[in-house]
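Undergrad: Now for the letters of each chain:
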Amino acid sequence: MTTLLADPQLHAQAAQGVQSAAWLLIAFPLAGAAILLLGGRRTDKWGHLLGVAMSLASFVVGVAVFVSMLGQPGTGRSRVVHLYQWVSVGSFKADMNLLIDPLSISFVLLITGVGSLIHIYSIGYMSHDPDRRRFFAYLNLFVAAMLLLVLADNYLSLYVGWEGVGLASYLLIGFWQHKPSAAAAAKKAFIVNRVGDFGLSVAIMLMFATFGSVSFQDVFGHASQASHGTITAIGLLLLLGACGKSAQLPLQSWLLDAMEGPTPVSALIHAATMVTAGVYLVVRSHAIFELSPEARLLVMIVGAATLIAGAIIGCAKDDIKKALAGSTMSQIGYMMLAAGIGKAGYVFAIAHLIAHGFFKAGLFLGAGSIMHGMNDDVDMRKFGGLRKVMPITFATFGLGYLAIIGFPGLSGWWTKDGIIDAAFEKGGTSGQILGWTALIGAGITAYYMSRVMFMTFFGERRWDEDVHPHESPQVMTIPLILLALGSIAAGAFLIAGDRFANFLAPVIGAPQVAHKLITPYTGVVFVLMVAGVAIAYVQYLRRPVPRTAPAGSFPVVAARKDLYGDALNESLLMRPGQWLTRLTVYFDSRTVDGLVNGVAAFVGGTSGRVRRLQTGYVRSYALSMFFGAALIVGALLLVRL
Amino acid sequence: MLTALIAIPALGALLVALLPKGRDELAKRAALVIALAVAVLTVVMAVRFKIGGPRFQFVEQHWWIKQFGVHYAVGVDGIALALIVLSAILVPVVVLASWNDAERSGGVTLPPSGEAGRSQGGEAQRSVKTYFALLLSLEAMMIGVFAATDVFLFYVFFEAMLIPMYFIIGSYGGPQRSYAAVKFLLYSLFGGLLMLAAVIALYVVSAKGGNGTFLFDELTKLHIQPTTAKWLFLGFIIAFAIKAPLVPFHTWLPDAAGQAPAGAAVLLVGVLDKVGTYGMLRFCIELFPGAAKWFTPVVLTLSVIGIVYGAILAIGQVDIKRLIAYTSISHFGFITLGIFAMTTQGQTGATLYMVNHGFSTGALFLVAGFLISRRGSARIDAFGGVRKVAPLLAGTFLIAGLSGLSLPGLSTFVSEFLVLVGTFTRYKVPAIIATSGIILAAVYILWMYQRTMTGPTAESVKGMRDLSKRELVVIAPVLAILVVLGFYPKPALDIINPSVKQSMVRVVQHDPKPAIAEKGTRP
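As they're listed, the protein sequences go chains A and B. Sequential numbering from 1 applies to the first sequence in this note's numbering. Sequential numbering from 1001 applies to the second sequence in this note's numbering.
Fair warning: there could be bad hints in the mix.
Said to hold, decoys possible - With a straight-line cut-off of 30 Å between C-alpha atoms, the simulated DSS-like cross-links for lysine-lysine are: (1) B:Lys1293 <-> A:Lys93; (2) B:Lys1501 <-> A:Lys45; (3) A:Lys93 <-> B:Lys1490; (4) A:Lys561 <-> A:Lys382; (5) B:Lys1501 <-> B:Lys1490; (6) A:Lys179 <-> B:Lys1388; (7) A:Lys516 <-> A:Lys426; (8) A:Lys93 <-> B:Lys1050; (9) A:Lys516 <-> A:Lys343; (10) B:Lys1293 <-> B:Lys1501; (11) B:Lys1388 <-> B:Lys1490; (12) B:Lys1462 <-> A:Lys179; (13) B:Lys1428 <-> A:Lys45; (14) B:Lys1230 <-> B:Lys1208; (15) B:Lys1230 <-> B:Lys1066; (16) B:Lys1469 <-> B:Lys1230; (17) B:Lys1050 <-> A:Lys45; (18) A:Lys93 <-> B:Lys1221; (19) B:Lys1293 <-> B:Lys1428; (20) B:Lys1230 <-> B:Lys1293; (21) B:Lys1513 <-> B:Lys1428; (22) B:Lys1513 <-> A:Lys93; (23) B:Lys1513 <-> B:Lys1501; (24) B:Lys1501 <-> B:Lys1050; (25) B:Lys1490 <-> B:Lys1513; (26) B:Lys1428 <-> B:Lys1490; (27) B:Lys1462 <-> A:Lys93.
Read the hints as simulated data drawn from the structure, not as lab findings.
Generate the whole structure from the sequences, applying the supplied hints.
TA: Put into C-alpha cells, the structure is as follows:
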C-alpha cells in the first residue's frame, strides 16, 4: 500500500522507516469508525474502548513519526507517503498522498493527543447514553477525517478531509436527534459550511485552470508565475472556505448553535481542532497569501472583526457553553489575524492554535464536568459557589481560565502577546488599528472569562433545589488535569527560545528576528487584563447575580442575540430563499407544466379529454397508444414527403 | 456476448410471462435468477474489456433490413460498457426491492376506503408475474440501447423502451398513475418522433454520398452541410433533452417518478434517463461536432438553469419521491454541463456521473420506497423522528442522501468535481454558478432528512419496522459501490477515460492549457 515515491524532482522526499507507516494514523480511527458503525449493537459493550484504543494507537504512531522526524536535519523533514492514485483524468491528477512535515505533524499531535484525552473523558461523560457506541464511532470518524485534512499533499484530498470533518461535525451536533434544536443546528452547521466549501471548491478549480495541478507543491512552486489578480482571487476563495470552517465573520452563525452537541464534541471539534482548520488552510497556503497583500489584508480584517465580535457575544451569554463558543470565535479571530500578518505571524497563529487547543478543550471539558454534576444545566445564573464541591474541576478550569486571559507565564500569555506584538510590528496605520483591536479584545476576554469563572465557581449558591453537584469520576478528571498541564506549559514550551519557530521554519520560513519576551505592549495588555477582571469582579462577585437575566440595554441585548447574526441571515437569505422557492414551485407547476398541459389539451381537442385520460381504464391506455402511433405515422408521412 | 446479454433478459421476460397464474413466488425467483445471471455476465464482460484496445469491443454486425441499409450492429466502448454495468447491477437490485410491490399501488397500500383506490380497479387484480416480466424486458432494451452501434437499431430500442415503462407506471403506479404514464409517453413519443426524422435524414445524407447506412462508425465520417447538421443535431438533442430531462422539458419526470413504484423509479431515473445524456455524448457530439459547438452556449445555459432551478424546486417539494426527481433534474444539469464542456475531465466526469447518479438516486428511491411503503404516504410531513424507531432505515437514507449532495468520499463527489473542474477550465462563469448547486444540494437533502428522520417520533411513525433482511441485501451493495468508487474510482475511470479521449480526438477537441504554460517540475 505504501509504494515509495522516489522522484528527485520532488522537494519532499519519499518517507522511509516508521514514517512510511504514517497511513496507520488515518487507518486506525477509520477502522474504528467502520467497525463500530457496521457492527451495530453487537459492539455496544466494548465500542467505547475500541474507540479510545484506535485514537490512542493513532497518537502513538504520530509520536513515532514525530520522533523520527526530529532525527532528520531541518531541510529533510518534509516527507511524502504515497498511498495510491485516486483521480487521474487527462492532466487532472489527485493522489492520496500524505505529506509529513513540521506543520502537519504539529496538527497530528494536537488532534490525536487532545483527541485521545477527549475520547477517554467521553467514556465517563457518555456513560449513561444508550448510543455511546455510535458517539465513539463518530468521534473516530472525525479524527480520521481531520488527520486526512492536515496530512493531504494536495487540495482535493484536503477537501475530502475538509468535508469529512464537516460530516462528523454534522453527525455529532445532531447526536441527540430527537431534540429538534439539535437537528436544526446540525443542518445549519453543514449548510453554512457548504457556503465556505463553495469558495474552496472554486479555488481548487481556479488552481487547476491556472497551474494545471492541485498539489501543494506545484501550486506553491508556480504561484509567483500566476497573475496577481488570479492569486488574489485564489486567496479570497480560500479565505471564504476558512471563514466557513472556522466560524469567522460573516459565516460565524453556526458555531453558537453547534453547542447543541454533547460537550466533548464542543471541546474537540468546535474548539480544539476542526474549527481551527481555516487557520491551517491559510498558513498552509502561505505561498499564495504572501503574493497578495490584498488577500492578506482581508484575512486580517476578518480575524480582527471576529475577535471583537466573538468576545462581545461571549460577554452576554448565560449559557456556559455559548459563552465559551463566543470565546472560541474570538480566539480563532486572533489566529486568523496572526495568519494574515504574514511571516511574522504564522508561528504565533499556530502556537496560539495549539495552546488554545489545550486550554479551550480543558475549559469545555470542565464545563462538561460541571454540567455532569448539575443535571445537564448550562445556565450560569443557576451555578455559583461550585469551587468547594468540584475542586478538581475548579482547579483545572481555573488554570485554563488564567491561560486564556493571558496571565503572565501561562500559555495564552506567550502566544497572544506574540500576536498583539506582531500586529503592531506590522507597522503603519493598519498595524496600529489591528494591534489596538487585539489589545482591546484581550481586555474583553479577561472580562467575559472572569464573568464565567465568578458566576460558576464563586459567589453564593444559586442551584436548583433538586441539584446535588458532585465531582466527576476520575476517567473525566484525569484528562482535565492533563489538559490543564498543557494550558500551563504549552506556550512557554513553544515560544521560549523560538523553539517552535525554528521547528516550523522549513515550511513557513525562518523568523527574521528573535521573539522578544517583553515588549512595549506587554504592560498595556496586563493593565487591560486586570481591568477586565476587575470589572467582572465588581459586577458579578460584589453584587448578587440574579437568577433571571435583567432586561439589559441595547448593546447587551444585541450581544445576547449574537449581534443579530441570525436575524441578518434570516432576513437576507432564509426568507427571500423561502419566497424564491415558493415562487419557483408555483412558476414550474403553473407556467412550464401548465403550458405543456395546455398544449396537450389543445392537441387532444378539449381539456376534457386530458381529464378522461386520467381515468385509468384500459381503453384510455389503448387510446393513448393509438394516439402515439398515429403521431409516428403522421411524422413518417411528413418526412417522406 | 452482447447479443446474449440482450437475449437472456428478453427470453427471461417471455418465460416469466408464460408461467402459469398463481405461481407468483416462482415468477419472482425466476426473474431474480435471470437478472443476477445477466449481472454476472456483464461483470465478466467488463473484466474482459481490453483497456487500450480498439474503441468498440465485443462487436457483432449482421444485416437486418438490407434494402434500407439497416444493420443489427452492437458493440461497446468504455462509456457504453459503464452504463450497461450500471443497468445490469440495478435490475436485480430492483427486482429484489420490488418483491412485494407489484401487488400494491405505487408500493403503497392504500386505505381500503380511498376513493382513488377503488376507482382504479381492485388492487388484487394486478398481475405479479407481468410486473417482473416487464422489468426483464426493460432490461433487455436498456442493454440494447447502450450496445447499439447502428443508429436505427438505437432508435428502435430507444422507442421500445417506453412500452414496458409505460405499462409499469400505468398499471403499478400510484393514484395519479394514468396521468403520469400518458404524460411520460407523450413527451417521449414527441422526442422520439423528432429523432426518427433526424435518423431518416441522416440516412438520406449518407445515401447521397454513396452507400446509405445507419452504422455509427461510418456516419461519423460523413461530411454534413453545417445547416443540415444543425437541424439534425436539434432533432437528436430535443429527443435526448426530453429523456434526460433538461429544463424546460422536465415536467414529466416528477410526475412519472413520483407515481412509478419505487423500483421502477430507480430504473426510470437511474438508467432510462441516462439514455438521453448518453445519446448527447455519443450521437449529438460525435455525429455533428460543428453543430454541437454552435449550440454549446444554449445547452450550457439550460444546464446551469437546470442545476439551480431543479435544486430550488427540490427544496420546495412536499413529496419525497417528487423531491428526489427534482434533485435528478439538477444532477442532469451537471451531466450535460460536463458533456458540452468538451474537456476530458468534463466528459469523463459526466459519464462517471451517469453511473454514480444511477446508484445514488437509485439508493435514495429505494430507501424512500421502503419508507413510503411502511407509512402509506409519500408526504414529508407524514414522517418525523424515524431514526429513533428505525435507525438502519435512517442510516441508509442518510448515506444515500449524502451521496446525493456529493459528499467527498462517496463516488458522486469524484464525478461532480470532475465535471465542475472540466467545465471551469473552459467556461468559468457557468462552472461557478453550477458550483453553487452544492449549497442547494445540502439544503434539500439535509432538510428532508431533518423533517423525516429527526425530532420527536411522530405518532404515525411509532412501531415502524426497521429494515428487513431482504431490504438490507437490496441497499447494502448499492451503498458499498458508492463508497468504494468514492475512494477508489480508478476501475471506472480506467474504462471510461480512454473512450472519452478517443471520442475527443474524433471531434478534434483539446483540453485548454493551464494559464501557466511552462511547467518544469511536474512529476
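Undergrad: Which constraints among the numbered hints does this structure fail? Numbers only, ascending.
TA: Numbers 2, 11, 13, 16, 17, 18 and 27 - these are the hints that the structure violates, sorted from lowest upward.
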